[in-house]
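K.L.:
Each chain, letter by letter, is given below.
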Amino acid sequence: MELDKDNANPTILNPSDLPSRHRESAARKREDGGTGLFHDLIPQYNYLSDPFDHPVSASDSDDDSVEDIDEQEIYDLISSISDPEHPLSLGSLAVVNLPDIHILPPTSPYSSISTVLVEVTPTITHCSLATVIGLGVRVRLEQALPPRFRVDVRIKKGTHSTDEAVNKQLGDKERVAAALENGTLMGVLRKMLSTCE
Amino acid sequence: MPPPPEALSYTLQPLATLSPPSNSRTWQSAPHPNLPLVGTACSDRTVRVYSLTSFTLLHTITGGHKRSVRSVSWKPGVKGQSVLATGSFDASAGIWRRDERGLEEQDYTRRRIGGDGDEGEEEEDDDYQFSCILDGHESEIKSLSWSPSGQYLATCSRDKSVWIWEELEDDNFETIAVLQEHDGDVKCVAWHPEEDLLASASYDDTVRLYREDADDWVQVALLDGHKMTVWWVEFEGSWMTRKDFRAHRDGLTEEQTRHVELSERSGPRLATCSDDCTVRIWHREPKEGTGRASTNTGIPSIIRSMAVDEDWVQEVVLPQRHERAIYSVSWSQKTGMIVSAGSDGKILVYKERWKTQTPNGASVGDEDTRMVENSQLTEWVVVAELFSAHDVFEINHVCWAARSDKGRRSEDEEVILSTGDDGEVKVWVLNELNIGELKGK
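Residue numbers (my numbering), protein chains in the order written: chain A, 1 to 197; chain B, 1001 to 1441.
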């Protein structure tokens, strides 16, 4: 794999240019009320935010009430995934980008199911590892997010030569489940996810 | 859960959760053809067999498959024993047997079987015994199904093929067909209730039908209409025109009578569901001069026209109320109602009825467009809708089963079984709301 990379010279973003909550959170939360679409309806989620900004009350921690999870948090969960062929994170390769992450609230008041849509941008249009990257993102989110989230991972339109076929595979629950029982593929995924906290 | 503002005339009430549940994803459940049992395919490589009388776990079938068990099917028409086929992501299918003579005679009072001695031996006999393995598929088996006569077993796989196996004698299976018509994973196989007609649904968005023609199994129809992966396919029960809303023939218009006659000639319909969030119903156009024997014995006509090709057309798309992939759809063999479930965690129940007719002359058009005619004559309405049936989890399968617990209200009463990502199989009863209740809301 080392000798035959699909893209030997990817563009790499400077870590300080990557989106992060630490610089933005205070100002953003004050000004626009946060980016969560149902920010006003549910309690603040404290897990990753600055502890001094929103003090955590003691009773909050094992409360399984609906928590606010926003796009930045999704980004934090997946940007640290390693690229399967470069020793770099998907964030620094701009494979995952904050503006391409969307959280859709439940479509009905009787439902508590939210949808996370992530569009990934493969480094080059014929990147054969697009499916593996997409799978890594889907698996990471399914493992890290509460089960009320449905995770849809797609290849960003126009960035990949076979995006429809890849999207269809990534959207197929049964194929994803079977892939996770495949030892070789799991080895690759485990390595990609090993750089996530 | 308050229903949306539409005349929902039934509610789904939880009756039980089969106990103990699996602690990993459950894929599909199959009710036993004549005993109050249900087998559940689990991702922990086991099959769990629960009682539908006590709602408790009776057996766990382990030690066979190396990966998820994706699908289970009970062989119909077997006396004295239960035969279960299991299809797994490990690309193999297994056949399992269990002696049930004691059970049938003693009407399920399991405890009493031990009474006639030899308890040690009985413990062993009590389990499902592995009897043989069917190897051949190159990748995950997604679904399998016995033909109604028990003569054939169909399996399908991600390797894009459908295999038909015939059991020549006990545990001696022969591959009689390998059908490679699909361009993608084959997700589901299902048999016609009366004829040796097999249907398969696929990742290539199509449904295909096959039958035997001069010793060879061949594709006889291609059903093209879904826009995305077709997850499930199931035939309507036998002679439902005598059981559902069409059974009351008094007061039907000429058109309606003709519609029922045509339905009887074309036979059981087909329901499919898809990633495209639709449930569709298809029917066969009766061939000129053929059709089923008018004696109505339920035995298929042996008259067959020269060409084996069949003309299946889409009859209707059911009201679209699912927001994500629909994984499963099932016809009630008693009432003709349809239940569907999927990724959005909802269970929907639909019922067909005569459309209220506008006075004479309104039925416009073409004698030939039977499809249009049908859709004008009957309509499907959502009669029950339940959100979050498995909390926030996806529902992988839903089906009807005979109600067998003490609370059963009539011989014919059915329950709905739903199988979810939470590892639970839930049992639901369908309660009709009376008019007063409806008005009160």
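Be aware that one or more of the hints could be misleading.
Stated by the list, open to error - With a cut-off of at most 25 angstroms between alpha-carbon atoms, the simulated DSS-like pairs for lysine-lysine come out as follows:
1) A:LYS156 to A:LYS173
2) B:LYS1351 to B:LYS1243
3) B:LYS1066 to B:LYS1079
4) A:LYS173 to B:LYS1334
5) B:LYS1227 to B:LYS1243
6) B:LYS1351 to A:LYS191
7) A:LYS191 to A:LYS156
8) A:LYS156 to A:LYS168
9) B:LYS1227 to B:LYS1160
10) A:LYS168 to B:LYS1227
11) A:LYS173 to B:LYS1406
12) B:LYS1243 to B:LYS1334
13) B:LYS1075 to B:LYS1334
14) B:LYS1334 to B:LYS1406
15) A:LYS173 to A:LYS157
16) A:LYS156 to B:LYS1227
17) A:LYS168 to A:LYS157
18) B:LYS1243 to B:LYS1066
19) B:LYS1160 to B:LYS1066
20) A:LYS157 to B:LYS1227
21) B:LYS1079 to B:LYS1334
22) A:LYS191 to A:LYS173
23) B:LYS1351 to A:LYS173
24) A:LYS168 to B:LYS1160
Said to hold, decoys possible - In silico negatives: residues of chain B with every beta carbon more than 10 angstroms from chain A:
25) PRO1076
26) MET1228
27) THR1229
28) ASP1344
By construction, these hints were calculated from the structure, which means they are not laboratory data. Glycine included, every Cβ here is placed at the ideal spot set by N, Cα and C.
K.L.:
Now tell me if each hint is right for this structure.
P.N.:
Okay, the hints, checked on the actual structure:
1. A:LYS156 to A:LYS173: holds, 20 angstroms
2. B:LYS1351 to B:LYS1243: Holds. LYS1351 (chain B) to LYS1243 (chain B) sits at ~13 angstroms (cutoff 25 angstroms).
3. B:LYS1066 to B:LYS1079: Not OK: LYS1066 (chain B) and LYS1079 (chain B) at ~30 angstroms, beyond 25 angstroms, violated.
4. A:LYS173 to B:LYS1334: Violated - the C-alpha atoms of LYS1334 (chain B) and LYS173 (chain A) are around 32 angstroms apart, more than 25 angstroms.
5. B:LYS1227 to B:LYS1243: violated, 32 angstroms
6. B:LYS1351 to A:LYS191: Violated, at roughly 50 angstroms.
7. A:LYS191 to A:LYS156: Satisfied, since the Cα-Cα distance of roughly 24 angstroms is no more than 25 angstroms.
8. A:LYS156 to A:LYS168: Measuring from Cα to Cα gives roughly 13 angstroms; hence the hint holds.
9. B:LYS1227 to B:LYS1160: Within the cut-off at roughly 18 angstroms; holds.
10. A:LYS168 to B:LYS1227: Since the Cα atoms of LYS168 (chain A) and LYS1227 (chain B) sit roughly 12 angstroms apart, the hinted pair holds (cutoff 25 angstroms).
11. A:LYS173 to B:LYS1406: Violated, because 37 angstroms separates the two Cα atoms, which is more than 25 angstroms.
12. B:LYS1243 to B:LYS1334: holds, 7 angstroms
13. B:LYS1075 to B:LYS1334: Satisfied, since the Cα-Cα distance of roughly 20 angstroms is no more than 25 angstroms.
14. B:LYS1334 to B:LYS1406: Judged against 25 angstroms, a Cα distance of about 20 angstroms means the pair holds.
15. A:LYS173 to A:LYS157: Within the cut-off at roughly 21 angstroms; holds.
16. A:LYS156 to B:LYS1227: Holds, because 20 angstroms separates the two Cα atoms, which is no more than 25 angstroms.
17. A:LYS168 to A:LYS157: At roughly 13 angstroms apart (the allowed maximum being 25 angstroms), LYS157 (chain A) and LYS168 (chain A) satisfy the hint.
18. B:LYS1243 to B:LYS1066: Violated, at about 43 angstroms.
19. B:LYS1160 to B:LYS1066: holds, 21 angstroms
20. A:LYS157 to B:LYS1227: Holds - the C-alpha atoms of LYS1227 (chain B) and LYS157 (chain A) are around 19 angstroms apart, at most 25 angstroms.
21. B:LYS1079 to B:LYS1334: holds, 23 angstroms
22. A:LYS191 to A:LYS173: This hinted pair holds, its Cα atoms lying about 22 angstroms apart.
23. B:LYS1351 to A:LYS173: Cα-Cα ~29 angstroms, so violated.
24. A:LYS168 to B:LYS1160: holds, 16 angstroms
25. PRO1076: With a cut-off of 10 angstroms, PRO1076 (chain B) remains clear of chain A, as the shortest Cβ separation is near 26 angstroms.
26. MET1228: violated, 8 angstroms
27. THR1229: violated, 7 angstroms
28. ASP1344: violated, 7 angstroms
Checked against the numbered hints given earlier, the structure breaks hints 3, 4, 5, 6, 11, 18, 23, 26, 27 and 28 and satisfies all the rest.
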